[in-house]
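J.: Residues per chain, in single letters:
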Amino acid sequence: MAGTISTLAYVTKHRQRRSLGDPTWVRYSLIGLALLFVGLFLIVPLASVFTEALRKGIGPYFAAFADKDAQAAIRLTLIAAAIAVPLNLVFGVAASWAITKFEFRGKALLISLIELPFAVSPVISGLVYVLLFGAQGWLGPYLGSGDHPWFGEWFNSVDIQVIFAVPGIVLATVFVTFPFVARELIPLMQAQGKEEEMAALTLGASGWQIFWRVTVPNIKWGLFYGVVLCNARAMGEFGAVSVVSGHIRGETNTIPLHVEILYNEYNTQAAFAIASLLTLLALVTLVLKNIVEWRHRRAVEAASAADIRQFTT
Amino acid sequence: MTTTTIALPRFRRRILPGFGISLGFTLVYLSVIVLIPLAATFAKTAGMTWTEFFAAVWSPRVVASYRLTFGASFLAALFNVPCGVTLAWVLVRYEFPGRRLIDGLVDLPFALPTAVAGIALTAIYAKNGWIGQWLEPLGIQVAYTPLGIWVALTFIGLPFVVRTVQPILEELEPELEEAAATLGATRAQTFRRVIFPALRPAIITGFALAFARAVGEYGSVVFIAGNRPMHTEITPLLIITKLEQYDYRGATALAVVMLLGSFAILFGIQLIQRRTARRANP
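Listed in order, the protein sequences are those of chains E and P. Residue 313 is where the first sequence ends in this note's numbering, and the numbering goes up by one at each step. Residue 1282 is where the second sequence ends in this note's numbering, and the numbering goes up by one at each step.
Hints are computed from structural coordinates only; laboratory data are not their basis. Fair warning: there could be bad hints in the mix.
Stated by the list, open to error - Heads up, simulated SDA-like pairs for lysine to any residue below, C-alpha to C-alpha not over 25 Å straight-line:
hint, chain 1, residue 1, chain 2, residue 2
1, E, Lys56, P, Lys1127
2, E, Lys289, P, Phe1263
3, E, Lys107, P, Phe1263
4, E, Lys107, P, Leu1035
5, E, Lys220, P, Pro1097
6, E, Lys194, E, Trp208
7, P, Lys1127, E, Leu288
8, E, Lys289, E, Ile43
9, P, Lys1127, E, Lys107
10, E, Lys289, P, Leu1075
11, E, Lys220, P, Ile1015
12, P, Lys1127, E, Lys220
13, E, Lys220, P, Pro1167
14, P, Lys1127, E, Ile43
15, E, Lys220, P, Leu1035
Stated by the list, open to error - Partial chain P-side listing against chain E, Cβ under 10 Å, derived:
hint, residue
16, Leu1035
17, Pro1060
18, Val1063
19, Ala1064
20, Tyr1066
21, Val1081
22, Cys1083
23, Leu1105
24, Pro1113
25, Trp1130
26, Leu1147
27, Tyr1248
Cβ atoms here follow ideal geometry from the backbone N, Cα and C, with glycine treated the same way.
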């Protein structure tokens, strides 16, 4: 049964293709143009990272990672991502639950506001925290000084430096990765509706039971993809982190900032070696994205095939 | 005579649990991370007089940076339109070896950290680089010139047009093209009169997204730009320069101008999308 359907689909697809086909020369020149564009702007840069990184051979390649400052940068990047990703994950789930399961006024505005960090230049994303917590900022001078007029004992007694220190880097990372999970989940959960949750409710499930047993299994791939994107951006962010970091070697440098320092010191090979780590991360992200999309497409096709089968038998 | 009122069960829209806590958390987190810091930026400029503000955002060096940033971003996004449409067309309509791979690679500029893109493009287009060495004898310099900035911004904006046009092209009904063909239209006419109008909103959206992204871009540009004042200095870099000179007010004023610019672009995109949605289901 399924076999005949797919043959039928194949035949119709091909008949359409032929009647609407472009002339062969158009076809080949368009493919050629597209390949040229992709080759120049995507494949050549990608290849150059690895070529430059391995220019002096395997030994110097790994030597770049043995460096104490490189390891400190890797550690800091992992810390920043480990804080920013879970925070934005919880936010993304909460926001999409509120937005997709309930009706309230100002919903469209809320969705626009959640996407706001995407419209803000990375440099400005860092700047806003310098203005708040920097030495000349609104809150900065009072941190630990004990004399801020508005805030209580607690705030005035906290002696932490935010700007040119780890907290600033984490804040900037949280800002730039803010919308990723929410942006994946909102359209997904909107498409799924709330009937299944309602059914669970009438069967007597509690809120958490509904969430864990009904919602999470439905959104797990979207959630996973959102987290993957969020993580890639958290580990790769340059502009925002650069503004708040202060570039203290071994202390406030993340991996991208370490790449910049090595590059500016004309240590090109080491810069590209460290950069190749981030490139691998990007490639893994792309592979995971394609796996998720493939699974999604297969699920949709399986669902529509089931519909057809139901209809024909 | 007493009137009895029947207490109708109040219609409850919010049946599922967790509305208060999820919306509450969303609003608090959004305010703390995004809204209050952004508002603080605007508030900071409120302390400036108009003269100070204009002196900060309209000096010759700043104006040169606007012209470069917005100009190069515009040209990069514009170049991405024909290239992006061609790429989307080829990926949707044709079968050829490596199609899946290229489809997967299109998102590389989203996934690759900007600093990595910056040093890679600089290495390629430097005088002794893979591509730079061929352009050098022709008298074309890419790295450390505005042309280099355009290359970086084209890379950054590459996925936008492709990814907005691709789904529309996939859903375009073949019947429309068949009808045009049976009515005697040539393939070129069909494209211009039938296919292109259907793609136009997606193309404009993709262009605007690529443009907005390019205007704020920093990481991939600073390496290839050369960063000479008046010549190859983009506005985001100028903000950082002002910050490093402890000119917080000047930096903030520039940031406000850029934020207003980005919000205007974003607003424009939403208008286009709303208009398209209305036309699709009136």
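J.: Does each hint fit the structure? Answer for all of them.
T.: Going through the hints against the structure:
1. E:Lys56 with P:Lys1127: 20 Å, holds
2. E:Lys289 with P:Phe1263: 29 Å, violated
3. E:Lys107 with P:Phe1263: 18 Å, holds
4. E:Lys107 with P:Leu1035: At roughly 16 Å apart (the allowed maximum being 25 Å), Leu1035 of chain P and Lys107 of chain E satisfy the hint.
5. E:Lys220 with P:Pro1097: Given that 25 Å is the threshold and the Cα spacing comes to 32 Å, the pair is violated.
6. E:Lys194 with E:Trp208: Judged against 25 Å, a Cα distance of about 15 Å means the pair holds.
7. P:Lys1127 with E:Leu288: Violated, at roughly 37 Å.
8. E:Lys289 with E:Ile43: Given that 25 Å is the threshold and the Cα spacing comes to 19 Å, the pair holds.
9. P:Lys1127 with E:Lys107: 53 Å, violated
10. E:Lys289 with P:Leu1075: At roughly 30 Å apart (the allowed maximum being 25 Å), Leu1075 of chain P and Lys289 of chain E break the hint.
11. E:Lys220 with P:Ile1015: 23 Å, holds
12. P:Lys1127 with E:Lys220: 48 Å, violated
13. E:Lys220 with P:Pro1167: Within the cut-off at roughly 23 Å; holds.
14. P:Lys1127 with E:Ile43: 20 Å, holds
15. E:Lys220 with P:Leu1035: 29 Å, violated
16. Leu1035: Hint holds; Leu1035 of chain P Cβ to chain E Cβ min 7 Å, cut 10 Å.
17. Pro1060: 21 Å, violated
18. Val1063: Violated. Min distance 18 Å.
19. Ala1064: 18 Å, violated
20. Tyr1066: 13 Å, violated
21. Val1081: Violated: closest Cβ of chain E sits about 12 Å from Val1081 of chain P, beyond 10 Å.
22. Cys1083: 5 Å, holds
23. Leu1105: Since the shortest Cβ distance to chain E is 5 Å, the answer is holds.
24. Pro1113: 3 Å, holds
25. Trp1130: 6 Å, holds
26. Leu1147: 14 Å, violated
27. Tyr1248: Status holds, d = 5 Å.
In the structure shown, a violation is registered for the earlier hints numbered 2, 5, 7, 9, 10, 12, 15, 17, 18, 19, 20, 21 and 26, in ascending order.
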